[in-house]
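A.B. asks: Note that the protein sequences, when read in sequence, are chains A and B. The opening residue of the first sequence carries number 1 in my numbering; numbering runs sequentially from there. The opening residue of the second sequence carries number 111 in my numbering; numbering runs sequentially from there.
By construction, these hints were calculated from the structure, which means they are not laboratory data. Ideal Cβ placement from N, Cα and C applies to all residues, glycine included. Each hint can be trusted.
The following label-pair restraints were derived from C-beta to C-beta distances:
1. B:Q194 to A:G50: 47 to 53 Å
2. A:L5 to B:L184: 19 to 25 Å
3. B:E192 to A:V80: 26 to 32 Å
4. B:Q194 to A:V80: 28 to 34 Å
5. A:A3 to B:E192: 29 to 35 Å
6. A:V21 to B:E196: 18 to 24 Å
7. A:L48 to B:E196: 45 to 51 Å
8. B:R209 to A:L5: 55 to 61 Å
9. B:Q206 to A:F97: 47 to 53 Å
10. B:Q194 to A:L48: 40 to 46 Å
11. B:Q194 to A:D76: 27 to 33 Å
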Amino acid sequence: MIAVLGLVIGVALGLLFEPTVPAGLQPYLPIAVVAALDAVFGAIRAYLDGRFDDKVFVVSFISNVLIAALIVFVGDQLGVGSQLSTGVIVVLGIRIFSNAAAIRRHLFHA
Amino acid sequence: MAGRQGGSRTEPASGTVPSADVTGNSMTLLQNITDRPIDDDYYTHAPHERTSRGRVAAVVVIALIALLLTLAVLQTRASRPEAQSERAVLIEQIDQRKREIDIHQQEVADLTVSVSRLRREQSGAEALARAREQGAVVGTVAVTGPALRVVVDNAPDADDQPEGRVRDKDLQLLVNGLWQAGAEAIAINGNRLTAMSPIRAAGQGITVNYRSLSSPYVVTAIGSPRTLPGNFIDTSAAQVWAGYEENFDMRFDITERDEATLPAAPRRATTIRHAEVLEVSDK
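Make the full structure from the sequences, and use the hints.
C.D. replies: Here it is, written out as structure tokens:
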């Protein structure tokens with residue numbers, strides 16, 4: 001219920017105001033999206049496990065996004081930004097798939 | 111694996127480290143990722159009390175995530191029309207350049223036309239100058255210049271002695287001699303000789319340009335004052351005439367004139383009715 005509410009609010013905000021991402025932050029947008037997805041899948045899995053925690057969810061999301069952005073930022077400064085963002089996406093992608101697998105096992109018992 | 115040590119979910123990961131270390135740290139890292147895909151935080155502590163503040167925070171974070179996703183989607187979609195508009199701008203530029211090319215080609219065509227027109231006009235002016243020059247040669251325009259004047263006449267006793275009469279052939283010989291000596295224009299008794307002028311006998315008299323002449327015959331030839339008299343004296347025509355003078359007492363006087371004016375030949379002497387110009391070359 002909460003999740004659906006938040007989803008609707010976020011999409012509505014984005015569609016209504018169409019805020020433009022500053023040019024300096026644009027490279028971090030895809031990374032932030034992947035990090036956010038990772039947090040979401042982790043939260044879903046924890047929720048299915050009955051261990052969901054609001055605080056952990058909030059903190060994990062913020063820290064994930066910040067660290068992912070930080071890594072890409074450092075990579076940009078070192079001239080290996082694209083490689084590091086690839087690495088971040090790979091790691092987060094693996095986590096997303098693992099979490100998704102756990103969720104699948106929970107839902108379908110398979 | 112998780113149940114091997116019977117501890118919390120974090121324990122198995124650290125428990126597998128020694129055995130995984132054999133294959134190297136990178137493998138450990140990957141194994142860590144696959145073994146502990148989830149934020150450990152959910153499992154290290156018992157869940158907090160569910161508070162309304164926590165719910166609000168969760169809603170805010172979810173809204174933030176949704177906002178991020180929406181933004182990413184919007185941005186990706188926004189960059190697509192950008193490419194399209196760029197494409198449209200390029201097409202517009204191509205069209206504009208094509209129009210410019212058309213305009214320039216039209217200009218080129220116009221200029222080509224005017225160039226050929228100017229060339230025609232220019233060649234017309236040249237043709238006019240050339241016509242004037244050739245008119246002097248042919249005899250259709252009056253000319254003036256240093257001249258050699260040859261006066262010939264019948265012998266005084268020409269009535270008794272037919273050999274003492276000036277015949278058309280004698281005048282033809284004289285004129286030929288003058289041409290040969292380098293004369294540029296010749297008139298006989300004021301009748302300008304053209305390329306079509308016959309010198310022929312008509313009964314007792316001689317006609318030039320179909321006009322009867324009366325003796326004495328004054329042949330005026332314009333030419334170089336340095337070379338014409340000397341050259342003429344050397345011609346066989348002059349020698350023949352000197353013979354006439356000596357043998358038949360015919361008049362043969364040569365005088366040099368600083369300036370003489372020869373009139374243009376009459377129109378009837380220069381009218382061409384059947385000959386057609388084949389081709390006018392610009393050279």
